[in-house]
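A.B. asks: Chains as they are written, first to last, in the numbering used here: chain F, 1 to 68; chain Y, 1 to 293.
Just to be clear, a hint being listed does not mean it is correct.
Below, simulated SDA-like cross-link-like pairs (lysine to any residue); rule was C-alpha separation at most 20 Å, straight line [stated by the list, open to error]:
{"no.": "1", "chain 1": "Y", "residue 1": "K239", "chain 2": "F", "residue 2": "A14"}
{"no.": "2", "chain 1": "F", "residue 1": "K62", "chain 2": "Y", "residue 2": "K265"}
{"no.": "3", "chain 1": "Y", "residue 1": "K265", "chain 2": "F", "residue 2": "F11"}
{"no.": "4", "chain 1": "Y", "residue 1": "K239", "chain 2": "F", "residue 2": "D31"}
The set of hints was computed from the structure by calculation and includes no laboratory data.
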Amino acid sequence: MVKKGVIVYSFGDASGVLFYNTYTDESIIVDVSECVVTHDTSSDYPTIKSVSESIKSVLISKGFLTSD
Amino acid sequence: MTSSFVLDCAPFAFNVETSFSYVRDVAKCIYGNRFVESTEFEGYVDYNVSVLNTTGLRRMFKPQARFLSEGQEPFKPLDKSQGYALLEWGLNWVVATHEFSYVIVHSAVLAKGDKAVILPAPSGSGKSTLTAYLSHHGWRLLSDEMALISPATCRVTPFVRPVCLKNNAIELVKAWFPDVYLSPVAPKTHKGDIVHMQPSVYSVSASQEPAEVVGVVFPKYDPSCFLDIYQLDKAACFKGLTHNAFNHNLMGEVGVRTMLDIVEKSACFEIHYNDMNEVSAFLDEVVRGKVDV
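Starting from the given sequences, assemble the full structure and let the hints guide the process.
C.D. replies: What follows is the structure, given as structure tokens:
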């Protein structure tokens, strides 16, 4: 689950997926092979479809995702 | 004794109080009809700043210039001969630290028509020399120092002010443009010798016309190559852009999304160059949409 205040964005040329915490100004760009994001047309916000366990733990430890 | 004048350089007007007559004289030459006596200015002043002499005995033996804005003094006093440079740096500081109606990127901005390229780069990359050259070779200068991007758009508002030139670039520019006004040299600043170059008449006359960003190009002067072009992926361009941004983080989600919009809609490159005409030809292709996004 993405934490409040975190922007998740998949770059259009598949060069990475950005996690940007607007509260702390911390950001990380992960490889698209490690994290797949879908853009649902009914929502402004993307959904994380899948994320590798190793990247997931990094994202949780850095405060971009919750552990549930 | 001090005097005051307004620098009416859209989108901001600065009221400047100074105790140095040469600061006033240089500002008048650089800003031309955008220099207005404070008593005659009828518009709204956005920021009040001062460039004042130090007080006490130092005033007699080693006069220094202090920059102040609304009770703040962001820089240490500098030698009197650096007073005009201090004013220009102070105006940059005022806007970069107080302005939240724009997402601001440390960058030169040049345009043809209503299509702009932003050139983010740190000091020493040759950005200002390149900007000085191009702004007198068919390009419209929107800024040498900062891109003012309207949030949630890719539109840059011109903020046409002098181009700051350093060290070897000073003689180069004097040779290129002998008729263009340059401020007196501010010697031995922390950046070396400094002059400020008057912007072109064309750029000033179009200073009310915003432009749409269609290219983000990171320039780096390299004497060993005419022009090497490296296409950047969007993630790398975003990193570079945010590295040079002043306030996107303070603007929250809208600031970050504005940067993402710029990156997605622009052609993104890094260039290494020593030939200004080659750069001009390349940027021309960028604004005409002749390169891949």
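A.B. asks: Let me make sure I understand: some of the numbered hints might not hold for this structure. Which ones are they, in numerical order?
C.D. replies: 2
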